[in-house]
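Based on the hints, put chain H in the right spot on chain E.
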Amino acid sequence: AQKITQTQPGMFVQEKEAVTLDCTYDTSDPSYGLFWYKQPSSGEMIFLIYQGSYDQQNATEGRYSLNFQKARKSANLVISASQLGDSAMYFCAMRERVSGGYNKLIFGAGTRLAVHP
Amino acid sequence: NAGVMQNPRHLVRRRGQEARLRCSPMKGHSHVYWYRQLPEEGLKFMVYLQKENIIDESGMPKERFSAEFPKEGPSILRIQQVVRGDSAAYFCASSPGGGAADTQYFGPGTRLTVL
Chain E
1 AQKITQTQPG
11 MFVQEKEAVT
21 LDCTYDTSDP
31 SYGLFWYKQP
41 SSGEMIFLIY
51 QGSYDQQNAT
61 EGRYSLNFQK
71 ARKSANLVIS
81 ASQLGDSAMY
91 FCAMRERVSG
101 GYNKLIFGAG
111 TRLAVHP
Chain H
1 NAGVMQNPRH
11 LVRRRGQEAR
21 LRCSPMKGHS
31 HVYWYRQLPE
41 EGLKFMVYLQ
51 KENIIDESGM
61 PKERFSAEFP
71 KEGPSILRIQ
81 QVVRGDSAAY
91 FCASSPGGGA
101 ADTQYFGPGT
111 RLTVL
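Going line by line, the protein sequences match chains E and H. The opening residue of the first sequence carries number 1 in our numbering; numbering runs sequentially from there. The opening residue of the second sequence carries number 1 in our numbering; numbering runs sequentially from there.
The set of hints was computed from the structure by calculation and includes no laboratory data. Watch out, some of these pointers could steer you wrong.
As the list claims (entries may be wrong) - DEER-style ranges, computed between Cβ atoms:
| id | chain 1 | residue 1 | chain 2 | residue 2 | range |
| --- | --- | --- | --- | --- | --- |
| 1 | H | P70 | E | K16 | 48 to 56 Å |
| 2 | E | N58 | H | I54 | 33 to 41 Å |
| 3 | E | S41 | H | L115 | 19 to 27 Å |
| 4 | E | N58 | H | R20 | 39 to 47 Å |
We treat Cβ as the ideally placed atom computed from N, Cα and C, and that holds for glycine.
For reference, chain E alone in the conformation it holds in the complex:
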């Protein structure tokens, strides 16, 4: 069965420094996608970044980058130059491909990031 594991329940980082949030996954499907979402205290889910299993390069979106190591089945999120507004819960998710051709997401338990001034 497909599974997402986030082993860091909480992390803290100093403002302006970089931080890495860990995510490992397990799947036997050669085609899959990995997502990171941010959930601030207000509760909404904000899409950050996507990595497809066949993508040759690591995904980047502004200050977010995804350190994709396929052989190790890890998809860590790197946030550079942390800002106070980055304090939030971060979820790693994997697209579970279903035979009907659609997809549903499997989420990890999340990592709570606190950025200190």
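Same frame as chain E, now just chain H:
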């Protein structure tokens, strides 16, 4: 360009009452997913719908829960005879298609509290 809209944002019900949660997908999106987030946990898939069709309800409890996405109007998640264990945040997501490359965009969620 409005995002996914959900209402109400907060809903309080007493045990035994009914809860109706609404989701309007992004413009141009015809695929809707519902997820539930229990306190301090990640989101869990409940149901996937296209217009007028339930495609996958494998994550939805068999009893008391139902979902619909009519031809006109929002998608509705309905919980009958609510119990305390139904207290959670319920998120709706939409995508333009059901394909593997389609990103799901989430609404702000409805926080259901059962007293």
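Item to complete: Determine whether the Cβ-Cβ distance between S41(E) and L115(H) falls within the hinted range of 19 to 27 Å.
Response: holds, 23 Å
Discussion item. Quick check: does the Cβ-Cβ distance between N58(E) and R20(H) fall within 39 to 47 Å?
Written reply: holds, 43 Å
Practice prompt. Starting from the range 48 to 56 Å, see whether the pair P70(H) and K16(E) falls in it by beta-carbon distance.
Written response: Given about 50 Å between the Cβ atoms, the range holds.
Fill in: C-beta pair N58(E), I54(H): status relative to the range 33 to 41 Å that was hinted
holds, 37 Å
The structure fails none of the hints (numbered hints given earlier).
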